[in-house]
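So the sequence lines, in the order shown, correspond to chains A and F. Counting from 1, one number per residue, gives the positions in the first sequence under our numbering. Counting from 1, one number per residue, gives the positions in the second sequence under our numbering.
These aren't lab readings, by the way, just hints derived from the structure by calculation. Take these hints with a grain of salt, some might be off.
[What the hints assert, rightly or not] With a cut-off of at most 27 Å between alpha-carbon atoms, the simulated DSS-like pairs for lysine-lysine come out as follows:
1) A:K76 x F:K212
2) F:K61 x A:K401
3) A:K358 x A:K76
4) A:K318 x A:K170
5) A:K181 x A:K152
6) A:K411 x F:K121
7) A:K285 x A:K152
8) F:K121 x F:K61
[As the list claims (entries may be wrong)] Per label pair, the in silico range of CB-to-CB distance:
9) A:T77 x F:F35: 22 to 28 Å
10) F:W218 x A:N260: 54 to 60 Å
11) A:D244 x F:T113: 50 to 56 Å
12) F:G158 x A:N216: 48 to 54 Å
13) F:L98 x A:T131: 43 to 49 Å
14) A:A179 x F:L98: 31 to 37 Å
15) A:N216 x F:S122: 46 to 52 Å
16) A:T77 x F:F153: 35 to 41 Å
17) A:N81 x F:V37: 22 to 28 Å
18) A:M239 x F:F153: 30 to 36 Å
19) F:E306 x A:R421: 50 to 56 Å
20) F:F153 x A:N260: 19 to 25 Å
21) F:G155 x A:E167: 35 to 41 Å
22) F:T115 x A:N260: 44 to 50 Å
Cβ coordinates follow ideal geometry from the N, Cα and C atoms, glycine included.
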Amino acid sequence: MTSLKSKLLAAIAGSTMLAGAAFADGHAKLSGDLVIFSDMSNPAPRAVMEGMVDRFGEMHPDLNIELTIIDREAYKTQIRNFLTAEAPDVANWYAANRMRPYVDAGLFEDVSDIWEGTLSEELASTKGAMTLDGKQWGVPYTYYQWGVYYRKDIYEELGLSEPNNWEEFKANCQAILDADKKCFTLGSKFLWTAAGWFDYLNMRTNGYDFHAALTNGEVEWTDDRVKATFANWKELLDMDAFIDDHTAYSWQESLPFMTNGDAAAILKGNFAVAPLREAGLDDSKLDFHQFPAINGDVELAEDAPTDTFHIPANAQNKDNARAFLKFVTSAENQTLINAGDALGQLPVNNQSSVDDDKFLQEGFEMLSSNSPGGVAQFFDRDAPAEMAKVAMEGFQEFMVKPDELDRILSKLERARGRIYR
Amino acid sequence: MTYAAVPQTEIKRSYWQRNQQTLAPMLFLAPAVLFFVFYVIYPVFQSFNLSLYEWDGLGTKEYVGLRNYEDLYYEYIDRDAFYTSLKNNVIWLFLYLLAIPAGLFIALFLNQTVTGIRLYKSLFFFPFVISQVVVGLVFTWFYDPAFGFLNVFLGWFGAGPINMLGDERYVTYGVIIAGLWPQTAYCMILYLTGLNAVNPEQIEAGRLDGAKGLRMLWHVVLPQLRPATFIAFVVTIIGALRSFDLISIMTSGGPFGSSRVLAYYMFEVALSEYGFRMGYGAAIAVVLFAIMMVFIAYFLWSMYREEKR
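Bound conformation, chain F alone:
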C-alpha cells in the first residue's frame, strides 16, 4: 500500500511545486532584469541608432549615415574639441588612479588603535560624503587667482600667482586634484575594511620569518588586500571616465574648451544652452561607451575567472 502511495503524491505535485527551486530565483531576478533591459540595454541601442541621424530634438530626423563619426574624426585630426576631450580623458584615467596608493597609504596610517581614531577616520572620509558640487566650489575658491588660499600660500614663498582654472596648461590638473580628494577617501574606506580582514596569524608568521616594513606590506598584507584593490581599481576607472560634475561646476569646460572631457563635451553638444545636436552627442556617447566597454569587459572577465576558481 505504502508503495503505491508515493507515486500518487508525485502526480499531485503541480508544475510550480516541482520547479520551485529554479523558478523562484528567476522570478526574483525578473524585475531587475526587466528594468535593466528597458532602461540600460535598450537606450544603448537607441544611442547607436541616434548617432546615425542629424536631429535638433525638435524637427524631423535626417539620416546621415556615419557622417557624425566622420566629423569626430576630422575634429580629432584638426586637434579640435574632440581631440582635447579625448586627451583629457586619458589624463584623467592615469592621474585619477593615484587615488588608490594614496588611499592605501592613509588607510595603513589610520589602521591603529589610538584614542579618537574613529573621529580621525570619519574626518578623512568626510570629503566623500559631501556633494561633488561642494567639492568643486571649495576648490574653485581655493584656486582663485585674486584671493584663493593657494596663491596666498605661494605668495609666502614669493611664487605665483598661478591662474589654475583659467590657464589651459593647468586647468585639467587642477580639476583632477579636486577630484582626487573625495576619491582618495573612498579608496581609503575600501582598504580600511580590507585591513580588518587581514589574517593576524599570517602577519605573525611573517614576523617570525623576519619580514618587516615594506617587505611585509608587499608580500604579506597586499596579497590579502587584493579584493579591495580590485574594487578600488574598478570604481576609480569608471569614476575617471564619467567625470562630469566637477568640470561643470569648476570650469564649464573652459577656458576656451580646454578642460572638456568626453562626457562633458557630449552634454555640451547635445543638451546645453547652445547645443542640441542630438545625433552628434550620441556619436560621442558611443565612443565613450566603447572606451568604457574595454574596461568593463576586462573587469567582468577577471571576476568570472575569480568565481570559477
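Excised from the complex, chain A in its bound form:
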C-alpha cells in the first residue's frame, strides 16, 4: 500500500544515487520477496525495525518485504520451530555460544562472504563474537556496555569518587554502608542479573581468557582460580553490600531502591539508564564508572552483549537477505538506528558516529580504548544455555548461602561433565 510513495521516493533516490551505486554494489535493485522475522518487540526497537524495513524498501521498490515481529520472550522458543519448518530469509538472534545449537544443527547460513573485505575492519570489535569454527554466521546490529551506574549525588554527599581499584571499591562501599544505605541494588529473581556480577568478578580476578575457557567448559568449576573469584564476591557479601531480599525482585523491581536513595549503585547494562531517568534521576544524579581492576596482573575486559541478524539455512531468498544484512551494518544505518532517540545503544560499525548521550559516549570510549583484555557477550550467551541455567542458579544460591560454596561448585562441576561432551 505504500508502493506509490516508495516508488516516488525511489525515483528520486535513484536519480541522486546513480553515482553512489557505481561503487556500492549493495545498491543494485533487488526484486522478489524478503521475509523477516524479528524479536524487536519493545516499542523503541519495534520502531527501529519498521524504520529499517521502510528505508530498505525505498531503496528496492520492486522488493516485496514481509516483516513479522514476535514477542521477544516467545521468540526464544519459536525460533526452533521456524528455523526447521518455514524459515524466513532473515531472523534475529544473539551472538557467541547462543547461536551454537543452530550452527551445529546446520540451520544458520555461513555468511563469511559478507564479512570479506572492508566489513571485517569496520565491524572488528564484534567479529569475534560472530565467529564459530572460523566462520561468521550472522551480522551484529547493536551492542551496549555494562558497568556500574551510581548515584552521583550520594557519592558527592559522602565525599566519594569513582574507584580505580578493588580497595577503593570496597572502601566506598563501607562509607555508603556507614551512611545507612546499601552499596548495590540487585534483583536476582530471574537469575541472570547475578551472572553479571560473576562475569565482572571473574574477569577482574582471572582475566578474559580464563573466563572464556571457563564458559567453554575447559576449566573445572572446582578450580582454585574460580574459588578466588567467589572469595572476592564473598568479601562484598560479608560486608552486606547488597540489598536484602534480592531473590524476590526482578531487576526492574530493584530499581526503586536506587531511585529512593536506599542503594547507591547498580551493576547493569546501559538499558538501565532509560528507566532510571524516567524515575527522575537526571545526569546530575546518575553517573557511570567502569568496574575497577581487582587483580592488577590481568587486563580489563568488559561485557558487551551483541544482538544480531542471521540468514536461516532454509531461507528462500538468500541474495536479498545478504543485501539486507549489508544494509543493516552500513555506517549510515548504524548511526541512525543506535541514536539516542532510536535504540540508544552503541553502533557496531566503527565508521558510525555515537550519539552524544553521556553514557553512550563513556561506554563507547571504555569499550574502544580501555578494554584491552577482550569483550565478552554475557554469561548466558558465552556459556551453553543449559550450563548457564545451572550456574546462574548456583550464583544466586551462593549469594544467599555463601558458606555452601563447595557444595554449589561441585554441583556445577557435575553439570559441566554432562553438558560439554
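Got chain A sorted already, so can you dock chain F onto it with the hints?
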C-alpha cells in the same frame, strides 16, 4: 396370510435397522474415542519412547536406554533438582487437600437464607473465576518484602519482615497458600450444590433423635455429601499434581530452584529458554504420569465400585 407376512418384513430389515440399538451409541462415542486415542493415549506412549532418547529438538535422536532415569535417580540421591521437585510435589499433595475442609466450612456457613446471600456466595466464588495468572500476581504483591501488605501487617505487631517468595524455607508454602485461595472456592461450590440435595426429612429425623452440631454434621450431613467429597478430592489431588501456572508466575521455580515441582521442572528442562533436553523432560513426565496413575487408578476403581452397587 398374516402369519406369513411377519417373517417377510423381518427379512427386509437391514443390518442397520437390526443393530441400531448397539450401533448408535458406538457411533456417537467414536469421535471422542478417536480424539482421545490420538491426542492422549498415543502421546503417552510417545513420551515413554522419547524418554529413552537424548534429543535437543533439532538434531538427530540418540538412543540412550534408561540413562535419563539413571540421571534422575542420581539427582534424587544427591538431593538435586529432581529431589526438590518430588519433595515439593508431596508437600503440595498434602497441603492442597486443606481446600476440602475449608471449602466445606465456608459452604456450611453460606448455606443459609439471609438477604443478599447470593451476592456473598458469588463473592466467595470469585477467586475461582479469575485467572490463575492474576491470582499469582496478586499474591506476589501481597508477599512483596518491601511494600507487600503481609509485611505491613506483620509490622503492626512488630514482626517480620519475611521474604516469603525469596526464601527457600517459605517459598513453597507461600505458593500453596495462593493456590488454596481459588481451590477452596471450587470445593465450596461443590459442597453448596451438595447441600442443596441433602434430604430435609433425614435432618428432621436426626433432630428428633437429639443430634445437634458436630454430631449432626458427622453422622447425618456428611454421609449425604459423599459424592461431593469424592469429586472435591479428585479435582484437588489432580490440581496439586499439575500445579504449574502459579509457580511459573510467582517464582519461576526460584529462589535457586527451591519451589520447583515435577511439572515445572519438566517444562524447564525440555521447553524453557535454557532447556531443550527433550528426552530428560519426557522421563520426568513419565515419573509424574506414574504418580498420577496411582491416584487415577484408585479413582476409577472406586467409581466402578459405586456404579456396580
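Comparing the hints with the structure gives:
1. A:K76 x F:K212: It is violated: about 62 Å lies between the C-alpha atoms, which goes past 27 Å.
2. F:K61 x A:K401: violated (39 Å)
3. A:K358 x A:K76: Status violated; Cα separation ~32 Å.
4. A:K318 x A:K170: The given pair, whose Cα atoms are some 53 Å apart, is violated under the 27 Å limit.
5. A:K181 x A:K152: Status holds; Cα separation ~14 Å.
6. A:K411 x F:K121: violated (51 Å)
7. A:K285 x A:K152: Holds - the C-alpha atoms of K152 (chain A) and K285 (chain A) are around 5 Å apart, at most 27 Å.
8. F:K121 x F:K61: violated (54 Å)
9. A:T77 x F:F35: 22 to 28 Å: holds (26 Å)
10. F:W218 x A:N260: 54 to 60 Å: Check passed, 56 Å falls within 54 to 60 Å.
11. A:D244 x F:T113: 50 to 56 Å: holds (51 Å)
12. F:G158 x A:N216: 48 to 54 Å: At 52 Å between Cβs, range holds.
13. F:L98 x A:T131: 43 to 49 Å: Since the Cβ atoms of L98 (chain F) and T131 (chain A) sit about 57 Å apart, the hinted range of 43 to 49 Å is violated.
14. A:A179 x F:L98: 31 to 37 Å: violated (47 Å)
15. A:N216 x F:S122: 46 to 52 Å: violated (59 Å)
16. A:T77 x F:F153: 35 to 41 Å: holds (39 Å)
17. A:N81 x F:V37: 22 to 28 Å: This hint holds: roughly 25 Å between Cβ atoms.
18. A:M239 x F:F153: 30 to 36 Å: At 32 Å between Cβs, range holds.
19. F:E306 x A:R421: 50 to 56 Å: holds (53 Å)
20. F:F153 x A:N260: 19 to 25 Å: holds (22 Å)
21. F:G155 x A:E167: 35 to 41 Å: holds (39 Å)
22. F:T115 x A:N260: 44 to 50 Å: holds (48 Å)
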